[in-house]
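Student: Sequence:
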Amino acid sequence: MSQRESHIDVRGMSCANCSRTISEAVGSLDGVSEADINFATDEGSVVYDPETVSLGEIYDAIEEAGYTPVTDSVTVAITDMSCANCSETVRDALERTPGVVDADVNFATDEAQVTYNPAEASLEDFYGAIEDAGYSPVREDAEDDDSGGDVREAAREEEIRRQLRLTLFGAVLSVPLLAFMADHLLGLGLVGDELLGLPSGWIAFALATPVQLVLGRPFYENSYKALVKNGRANMDVLIALGSSTAYVYSVAVLLGAIAGGLYFDTAAFILVFITLGNYLEARSKGQAGEALRTLLEMEADTATVVDEDGNEEEIPLEDVEVGDRMKVRPGEQIPTDGVVVDGQSAVDESMVTGESVPVEKNEGDEVVGSTINENGVLVVEATKVGSDTALQQIVQTVKEAQSRQPDIQNLADRISAYFVPAVIANAVFWGVVWYLFPATLAGVVEALPLWGLVAGGPVAAGGVSVFEFAVIVFASSVLIACPCALGLATPAATMVGTTLGARNGVLFKGGDVLERAKDVDTVVFDKTGTLTRGEMELTDVVVLDDDDQPTAERSSGDGTPAADGGGQLTARKRLGEDDVLRLAAVAESGSEHPLARAIVDGAKARGIDVTDPDDFENVPGHGVKATVDGRAVRPTAERSGEDGTDSRDGEVLVGNRKLLRDNGIDHEPAQETMDRLEREGKTAMLVAYEGELVGVVANADTVKESAKDAVSQLQARDVDVMMITGDNERTAHAVAEQVGIDPGNVRAEVLPEDKSDAVESIQDEGRKAMMVGDGVNDAPALAVAYVGTAIGSGTDVAIEAADVTLMRDDPVDVVKAIRISEATLAKIKQNLVWALGYNTAMIPLASLGLLQPVLAAGAMAFSSVSVLSNSLLFRRYTPDEEYRLLHRWR
Numbered sequence: 001m002s003q004r005e006s007h008i009d010v011r012g013m014s015c016a017n018c019s020r021t022i023s024e025a026v027g028s029l030d031g032v033s034e035a036d037i038n039f040a041t042d043e044g045s046v047v048y049d050p051e052t053v054s055l056g057e058i059y060d061a062i063e064e065a066g067y068t069p070v071t072d073s074v075t076v077a078i079t080d081m082s083c084a085n086c087s088e089t090v091r092d093a094l095e096r097t098p099g100v101v102d103a104d105v106n107f108a109t110d111e112a113q114v115t116y117n118p119a120e121a122s123l124e125d126f127y128g129a130i131e132d133a134g135y136s137p138v139r140e141d142a143e144d145d146d147s148g149g150d151v152r153e154a155a156r157e158e159e160i161r162r163q164l165r166l167t168l169f170g171a172v173l174s175v176p177l178l179a180f181m182a183d184h185l186l187g188l189g190l191v192g193d194e195l196l197g198l199p200s201g202w203i204a205f206a207l208a209t210p211v212q213l214v215l216g217r218p219f220y221e222n223s224y225k226a227l228v229k230n231g232r233a234n235m236d237v238l239i240a241l242g243s244s245t246a247y248v249y250s251v252a253v254l255l256g257a258i259a260g261g262l263y264f265d266t267a268a269f270i271l272v273f274i275t276l277g278n279y280l281e282a283r284s285k286g287q288a289g290e291a292l293r294t295l296l297e298m299e300a301d302t303a304t305v306v307d308e309d310g311n312e313e314e315i316p317l318e319d320v321e322v323g324d325r326m327k328v329r330p331g332e333q334i335p336t337d338g339v340v341v342d343g344q345s346a347v348d349e350s351m352v353t354g355e356s357v358p359v360e361k362n363e364g365d366e367v368v369g370s371t372i373n374e375n376g377v378l379v380v381e382a383t384k385v386g387s388d389t390a391l392q393q394i395v396q397t398v399k400e401a402q403s404r405q406p407d408i409q410n411l412a413d414r415i416s417a418y419f420v421p422a423v424i425a426n427a428v429f430w431g432v433v434w435y436l437f438p439a440t441l442a443g444v445v446e447a448l449p450l451w452g453l454v455a456g457g458p459v460a461a462g463g464v465s466v467f468e469f470a471v472i473v474f475a476s477s478v479l480i481a482c483p484c485a486l487g488l489a490t491p492a493a494t495m496v497g498t499t500l501g502a503r504n505g506v507l508f509k510g511g512d513v514l515e516r517a518k519d520v521d522t523v524v525f526d527k528t529g530t531l532t533r534g535e536m537e538l539t540d541v542v543v544l545d546d547d548d549q550p551t552a553e554r555s556s557g558d559g560t561p562a563a564d565g566g567g568q569l570t571a572r573k574r575l576g577e578d579d580v581l582r583l584a585a586v587a588e589s590g591s592e593h594p595l596a597r598a599i600v601d602g603a604k605a606r607g608i609d610v611t612d613p614d615d616f617e618n619v620p621g622h623g624v625k626a627t628v629d630g631r632a633v634r635p636t637a638e639r640s641g642e643d644g645t646d647s648r649d650g651e652v653l654v655g656n657r658k659l660l661r662d663n664g665i666d667h668e669p670a671q672e673t674m675d676r677l678e679r680e681g682k683t684a685m686l687v688a689y690e691g692e693l694v695g696v697v698a699n700a701d702t703v704k705e706s707a708k709d710a711v712s713q714l715q716a717r718d719v720d721v722m723m724i725t726g727d728n729e730r731t732a733h734a735v736a737e738q739v740g741i742d743p744g745n746v747r748a749e750v751l752p753e754d755k756s757d758a759v760e761s762i763q764d765e766g767r768k769a770m771m772v773g774d775g776v777n778d779a780p781a782l783a784v785a786y787v788g789t790a791i792g793s794g795t796d797v798a799i800e801a802a803d804v805t806l807m808r809d810d811p812v813d814v815v816k817a818i819r820i821s822e823a824t825l826a827k828i829k830q831n832l833v834w835a836l837g838y839n840t841a842m843i844p845l846a847s848l849g850l851l852q853p854v855l856a857a858g859a860m861a862f863s864s865v866s867v868l869s870n871s872l873l874f875r876r877y878t879p880d881e882e883y884r885l886l887h888r889w890r
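Residues 1 to 890 in full-length UniProt numbering are what the sequence shown lists, from first letter to last.
Quick caveat, the hints were computed from the structure, so don't treat them as lab data. A portion of the hints provided could be inaccurate.
Below are the DSBU-like pairs computed for lysine-lysine, each with C-alpha atoms no more than 30 Å apart in a straight line [as the list claims (entries may be wrong)]:
#  : residue 1 : residue 2
1  : 229       : 518
2  : 327       : 384
3  : 518       : 768
4  : 518       : 708
5  : 604       : 518
6  : 708       : 384
7  : 704       : 604
8  : 658       : 708
9  : 225       : 327
10 : 327       : 229
11 : 518       : 704
Pair ranges (Cβ atoms, derived) [to be verified]:
#  : residue 1 : residue 2 : range
12 : 172       : 783       : 41 to 49 Å
13 : 436       : 876       : 51 to 59 Å
14 : 343       : 171       : 38 to 46 Å
Backbone N, C-alpha and C fix where the C-beta goes; we use that ideal spot for every residue, glycine too.
With these hints in hand, go ahead and build the complete structure from the sequences.
Tutor: This is the structure we're talking about:
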């Protein structure tokens with residue numbers, strides 16, 4: 001048993017018990033012989049048998065124990081992969097490399113995403129592993145973080161140009177062979193024994209041999225690597241077998257070793273068609289990733305930095321540092337993530353959030369790099385630069401998502417692993433059967449409607465010799481099979497789907513998440529910050545008359561009084577609505593409580609001048625008491641017959657019922673109003689002035705405009721909608737009523753630490769729940785949910801606990817995420833049906849001798865192109881409406 005030792009750094013340990021917990025968790029794994037974790041150094045060593053347990057399983061055990069093993073990740077571009085078997089070979093090679101925790105290799109993007117232990121492995125180790133497996137990594141400058149994308153793009157462009165050069169070279173030499181092909185396919189007799197005074201067979205040999213050597217070389221080299229170095233057969237093996245069979249057979253006929261026809265044209269055109277297919281495939285792969293590259297290209301090249309003296313200097317974007325202040329003029333891109341320190345403008349954030357309407361930005365607001373400043377001049381202080389910016393994080397998240405394939409890909413991988421050996425075995429079998437029983441099989445085939453596709457007819461028709469026809473069947477059966485299309489079916493659609501999501505403000509952390517989202521049958525919303533805005537706002541101001549009834553109520557919406565007051569107050573002064581609000585705001589201006597800030601901000605929004613109180617006292621848990629200068633109040637009418645003196649001159653109370661009772665003021669006249677406001681989910685506060693109750697003010701965390709629409713759209717899809725909140729029952733049910741959630745689906749007064757238990761209990765009922773929260777207090781619930789979805793602003797792009805991140809504060813994007821998931825999986829199924837259906841139909845035709853090798857090669861080449869083209873069509877999909885073909889592919 002070979003043993004391997006790994007040194008691991010661990011975060012999150014707080015005492016010696018933590019290190020013991022980790023040691024026990026890791027030590028319990030089969031194959032681990034020693035686990036020693038040191039709390040003092042936050043590191044440890046593990047001795048294990050890599051044949052029994054992987055480093056990834058060890059890291060999983062540490063995470064399940066509640067701690068974080070230190071890892072890093074890197075993306076490596078790879079050339080020379082020709083099918084899904086190649087990507088599997090590379091993945092196995094990387095995962096066998098010491099220090100690699102996990103490796104995902106995507107054939108559609110020609111990239112490997114490697115998660116590793118930085119204390120044990122490096123980029124050079126990965127390059128070496130890929131090269132040892134027989135493939136070529138694209139080497140990048142490890143010290144230049146910005147060079148990776150340019151190097152990979154340059155390698156991709158060079159591969160496209162290389163395939164084009166090979167195709168043109170092969171086409172030039174193969175065009176004269178069309179006459180030979182016309183004779184084979186149509187029996188026209190264009191070519192005799194001599195052509196232009198030379199033996200026609202040797203002319204065909206002279207034209208086909210350079211094609212075989214130049215175009216065929218990559219296939220022969222890759223076949224050798226696949227079979228000899230890795231012990232696997234891939235698509236290159238099929239192409240090499242088919243082409244070389246036709247070529248070698250023709251050489252043997254030309255030399256007189258056997259009797260038969262010449263197939264140099266077939267050997268050449270097989271390679272030309274396949275190389276043309278590779279060229280088109282490389283172009284299609286480039287187009288599939290075009291959206292992400294376009295996003296990166298939208299980054300600004302320079303920034304105008306302003307120093308303390310107001311001097312401006314234009315510098316390259318890469319020289320901008322955190323804390324630098326940048327001036328952004330109208331029409332310019334905001335260079336990097338930051339916060340507005342001066343100015344006001346509207347910013348087009350559509351490239352990040354998918355929202356076409358510009359967003360107003362004022363001092364203190366956060367902005368995202370690469371978004372467009374629409375009008376006013378902004379001064380922005382940089383808060384994130386380089387790879388930490390929102391744009392770079394979006395791209396990295398999407399790339400990681402593309403490397404993590406859906407579970408449905410496992411089916412394609414299992415099929416691909418056995419596909420090529422099965423195809424070769426099938427070709428050998430039918431070649432032998434045709435050689436041994438030609439007359440019997442020919443009699444069967446003659447009855448088939450596809451008889452006319454046979455060039456020269458079967459042996460029974462006297463067209464070719466027995467051995468020659470057996471060779472044709474073998475070559476056709478090998479060439480018609482296409483594991484490439486099968487390998488591209490899932491990753492191509494996943495690549496487009498994840499990119500499509502990013503363009504619409506929905507980030508999926510992996511293709512597996514993209515697959516799961518469509519199965520969600522229950523969506524559980526957090527209330528505060530998810531269905532509501534998460535900020536208290538002034539909603540109502542109520543003035544009481546002398547009959548203890550409300551005379552005016554006004555919401556912050558239309559500002560229209562609900563009733564006109566009348567009668568004479570017994571208070572010192574008759575107050576209007578603005579007077580009551582002014583009193584409350586001045587009194588609360590000394591408090592930092594969110595409720596107080598909402599009252600002050602609400603008063604200022606109505607144009608009321610809020611001054612400082614003469615005296616202020618905070619009464620914890622009950623409200624505030626303040627002394628207000630009489631000049632701060634502008635009474636609407638003076639009460640006659642009073643001398644204006646009172647022992648409570650200027651005293652204002654704002655708070656709950658107990659505050660007024662403790663100060664000898666009767667709150668009963670406002671009880672009905674208080675009850676009504678609280679039933680509506682609002683926080684109501686009594687206002688007393690100079691010893692008398694004068695009114696009520698109310699705040700609420702208002703519901704987002706789109707929340708009701710989101711709930712109704714989910715319910716229309718037969719998705720059960722629930723809400724979990726730590727707020728009280730009355731407020732929770734009030735919000736639920738506003739957005740349309742059934743009262744029975746509301747769970748209130750749930751502590752943050754208990755939310756995960758609540759989600760688990762929902763899932764214990766057999767539900768597949770998507771938890772939607774703000775990603776902070778809801779992190780444990782997001783982690784245990786079938787799909788965890790964090791809803792937030794564009795500057796927080798990747799909350800660790802969530803599977804999906806919504807770039808906008810819009811609950812409707814939950815529906816958008818599910819729609820993208822469904823549409824992507826529908827596209828994957830379309831691709832798989834095409835790939836499997838193609839092989840299911842074509843392999844029997846070739847086995848029965850109904851296809852010429854050159855036709856089989858052409859069909860093989862274009863099958864993968866068709867799968868990619870079908871995936872590229874998906875780029876036109878808009879998740880604002882249901883996928884129109886979805887019902888066919890669910």
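Student: Now look at each hint and say whether the structure bears it out.
Tutor: To see whether the hints hold, each was checked on the structure:
no.: 1; hint: 229 to 518; verdict: violated (41 Å)
no.: 2; hint: 327 to 384; verdict: holds (16 Å)
no.: 3; hint: 518 to 768; verdict: holds (10 Å)
no.: 4; hint: 518 to 708; verdict: holds (21 Å)
no.: 5; hint: 604 to 518; verdict: violated (46 Å)
no.: 6; hint: 708 to 384; verdict: violated (35 Å)
no.: 7; hint: 704 to 604; verdict: holds (22 Å)
no.: 8; hint: 658 to 708; verdict: violated (36 Å)
no.: 9; hint: 225 to 327; verdict: violated (56 Å)
no.: 10; hint: 327 to 229; verdict: violated (58 Å)
no.: 11; hint: 518 to 704; verdict: holds (25 Å)
no.: 12; hint: 172 to 783: 41 to 49 Å; verdict: violated (60 Å)
no.: 13; hint: 436 to 876: 51 to 59 Å; verdict: holds (53 Å)
no.: 14; hint: 343 to 171: 38 to 46 Å; verdict: violated (60 Å)
Taken one by one, the earlier hints fail for this structure at numbers 1, 5, 6, 8, 9, 10, 12 and 14, listed in ascending order.
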